[in-house]
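A.B. asks: Quick note on full-length UniProt numbering: the sequence shown kicks off at 1 and runs consecutively.
Source of the hints: derived by calculation from the structure; they are not laboratory data. Just so it is clear, the structure is predicted and the values come from calculations on it, not from any experiment. Even glycine gets a Cβ: it sits at the ideal position worked out from N, Cα and C. Don't take every hint at face value.
Stated by the list, open to error - Quick list of the computed label-pair ranges, beta carbon to beta carbon: (1) R107 / Y35: 14 to 24 Å; (2) E88 / A11: 35 to 45 Å; (3) N59 / K30: 12 to 22 Å; (4) G12 / G91: 16 to 26 Å; (5) E85 / Q124: 12 to 22 Å; (6) V31 / E8: 21 to 31 Å.
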Amino acid sequence: MVTENMIEAPAGWMGTLPEYLVYRELTRLKVEFQYQSSQMGGRQERGGSVADFLITDLNLVLNVQSLYWHYGRPEARLADRIQKEQLEAMGLTVIYLDEDDLLRNARWYVEQALMGNDFSQVNQGAV
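Sequences and hints are given; from them, build the entire structure.
C.D. replies: What follows is the structure in structure tokens.
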């Protein structure tokens with residue numbers, strides 16, 4: 001039986017495996033999106049943000065949350081909260097997708113995210 005965590009991102013992929021899984025599902029669903037969109041100022045020394053997946057037709061941002069980089073570091077949690085507030089002020093809905101959920105069943109979690117459902121630890125108040 002093949003599971004998501006047996007899959008590897010293709011050679012040359014510049015993101016993480018969970019990001020690739022979201023990319024793959026959005027592509028399968030024929031959703032138009034921008035990957036690593038820097039429309040919000042990009043990576044800057046002070047300010048700016050990068051949306052993992054910007055879906056302009058839905059005014060939706062999907063951000064992949066890794067357990068270490070996003071949940072394991074207090075400064076990252078604060079930066080994520082600030083980014084979410086900035087994106088929401090621009091009229092965008094932000095849905096977080098947890099790395100472990102994507103590795104377990106990317107198809108289901110991406111489909112749910114596109115319907116506005118957020119099952120992340122952030123949304124559940126666990127962090």
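A.B. asks: Hints first: check each against the structure and report whether it holds.
C.D. replies: Results for each hint:
1. R107 / Y35: 14 to 24 Å: 18 Å, holds
2. E88 / A11: 35 to 45 Å: 36 Å, holds
3. N59 / K30: 12 to 22 Å: Distance hint for N59, K30 holds at roughly 18 Å.
4. G12 / G91: 16 to 26 Å: Distance hint for G12, G91 is violated at roughly 34 Å.
5. E85 / Q124: 12 to 22 Å: 19 Å, holds
6. V31 / E8: 21 to 31 Å: About 23 Å separates the Cβ atoms of V31 and E8, which means 21 to 31 Å holds.
In summary, the structure is inconsistent with hint 4 from the numbered list given earlier, while agreeing with all the others.
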